[in-house]
Amino acid sequence: MIVEKSETLPVRVSEDVVRVRQLVRVHAVKAGFSLVDQTKIVTAASEIARNTIDYGGGGEARIESVTLGIRKGVRLTFSDKGPGIEDIERALRDGYTTGGGLGLGLSGAKRLSNEFDIQSAPGQGTTVSLARWK
Amino acid sequence: MAAPTPSMLPQLLDKHQAQLMKDWLAGQRAAGVVVDVESDERVRRFIAALRQGASSNADDVKNADWAAARDVLEQISRERALKGSTPVETVMFVFSLKDPLFALLRRECGSDADRLAREIANAMHLLDQLGLYTVEVFQKSREEVIGRQQEELLELSTPVVQLWDGVIAVPLIGTLDSARTQVVMESLLEEIVRTGAEIAIIDITGVPTVDTLVAQHLLKTVSAARLMGADCIISGIRPQIAQTIVHLGVELDVISKATMADAFAVALRRTGRMVVSRAGNGKGASKAENGDKAAGKTGAGQSGE
Chain A
53 MIVEKSETLP VRVSEDVVRV RQLVRVHAVK AGFSLVDQTK IVTAASEIAR
103 NTIDYGGGGE ARIESVTLGI RKGVRLTFSD KGPGIEDIER ALRDGYTTGG
153 GLGLGLSGAK RLSNEFDIQS APGQGTTVSL ARWK
Chain B
79 MAAPTPSMLP QLLDKHQAQL MKDWLAGQRA AGVVVDVESD ERVRRFIAAL
129 RQGASSNADD VKNADWAAAR DVLEQISRER ALKGSTPVET VMFVFSLKDP
179 LFALLRRECG SDADRLAREI ANAMHLLDQL GLYTVEVFQK SREEVIGRQQ
229 EELLELSTPV VQLWDGVIAV PLIGTLDSAR TQVVMESLLE EIVRTGAEIA
279 IIDITGVPTV DTLVAQHLLK TVSAARLMGA DCIISGIRPQ IAQTIVHLGV
329 ELDVISKATM ADAFAVALRR TGRMVVSRAG NGKGASKAEN GDKAAGKTGA
379 GQSGE
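Protein sequence lines correspond, in order, to chains A and B. Just add 52 to the spot in the first sequence (first one is 1) and you have my numbering. Just add 78 to the spot in the second sequence (first one is 1) and you have my numbering.
Treat the hints as calculated values from the structure; they're not laboratory data. Hints should not be assumed to be uniformly reliable.
[Said to hold, decoys possible] Just so you have them, the derived chain B footprint on chain A, three or more residues with Cβ under 8 Å:
1) 65-78
2) 81-90
3) 95-105
[To be verified] For each label pair, taking beta carbons as the anchor points, the in silico distance ranges come out as:
4) Pro135/A with Asp143/B: 46 to 56 Å
5) Ala173/A with Asn141/B: 52 to 62 Å
6) Gly110/A with Glu221/B: 12 to 22 Å
7) Ile224/B with Gln171/A: 33 to 43 Å
8) Val223/B with Gly151/A: 25 to 35 Å
9) Ile224/B with Gly110/A: 17 to 27 Å
10) Glu141/A with Ser256/B: 26 to 36 Å
11) Glu221/B with Pro135/A: 25 to 35 Å
12) Lys133/A with Gln95/B: 26 to 36 Å
13) Ala145/B with Gly175/A: 27 to 37 Å
14) Thr149/A with Gly225/B: 27 to 37 Å
15) Glu222/B with Gly110/A: 20 to 30 Å
16) Gly175/A with Ser256/B: 22 to 32 Å
17) Asp149/B with Gly151/A: 28 to 38 Å
All values derive from a computational prediction rather than experimental measurement. The beta-carbon is built from N, C-alpha and C at its ideal position, and this holds for glycine as well.
Please put together the full structure from these sequences, using the hints given.
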């Protein structure tokens, strides 16, 4: 996988979520994503960015345009130094929430991406990476 | 910064005011500060204020003796902030005074190096504080502008319009965060009470991203409207949004339509009205009439004209 372009944004306040969404859209458009695919990755980014703020206490987002052979894609990495996730499997279950939301953000974002990974342990912070290919 | 002998700054400012003004204005020009018709007056006022502050021997510019100097700087900072100048450009108004002032001190002190060092340290201390104060005011003015714009946006973005007797609509535009939702919900509920509307159309054509938070906000608004006795229709769901919502797994348990026109048609049908073309009118003008269901009700519909 070759990284064509990489950008990093802070994710600390809710306005940052909007900024992340806009930048992800720029990358998705450049990768030639269809409108549906653009919307999917932008929405996934929105979910995870908000989790980074709400549960991780803020962190940063890395947005990358990547190519694998002839395929183009967008890879996102959100990392925070928050309390971490105790039970990742449970966090990924539909409807499970500790924050009063719908409990669909994490699982929904997973369904909206082609690749999805969470690295987290209590007290170690959380890193969520996801990618979507054209 | 307690000087054993009183600072020579006040009398120096008295004696060389004209020269200092000229040099300072030249310095401002060189530093890229906007010099306009008001600059002369401002520079004069600031030097007078500086003189007043310096002669009080108070070395903290937050002190009451420096009120006049702060006034001048506040005015300049606010003006610059509103005009969109950079903070550097704004603070250079103060900092560009350093060179001409230090040159004056050097000339005045002659070979008394000890005195010169003391005087320069004192003047620098004062000007640095004044510079910082300028930045502080500048920043605050900017924040005030941003805050006001945010409030204006909030107001602007939530009009509730009456489409027909018993049918109201809210076109949502932009990001639907918690604050916006609160405003939307309040104005929607108030309008339901005021108009006695049975149907509220929430149009999300202008909402670029519908994530779980937006969905949750929408659902809350819909439930609240339901409690007030009005059914909601969500319109403006584009194909990409529909697919994304399905993948997210959100159940939007509410009637939804692709366009506001479709939603309005449903609303008319539900309230027992229909839109028909007037026979014999080539222009295809249409008007709403009471449909079958509401045929008995009188005065329920407004005039179509």
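ask   = Any of the earlier hints contradicted here, and which numbers?
value = 12, 13, 17
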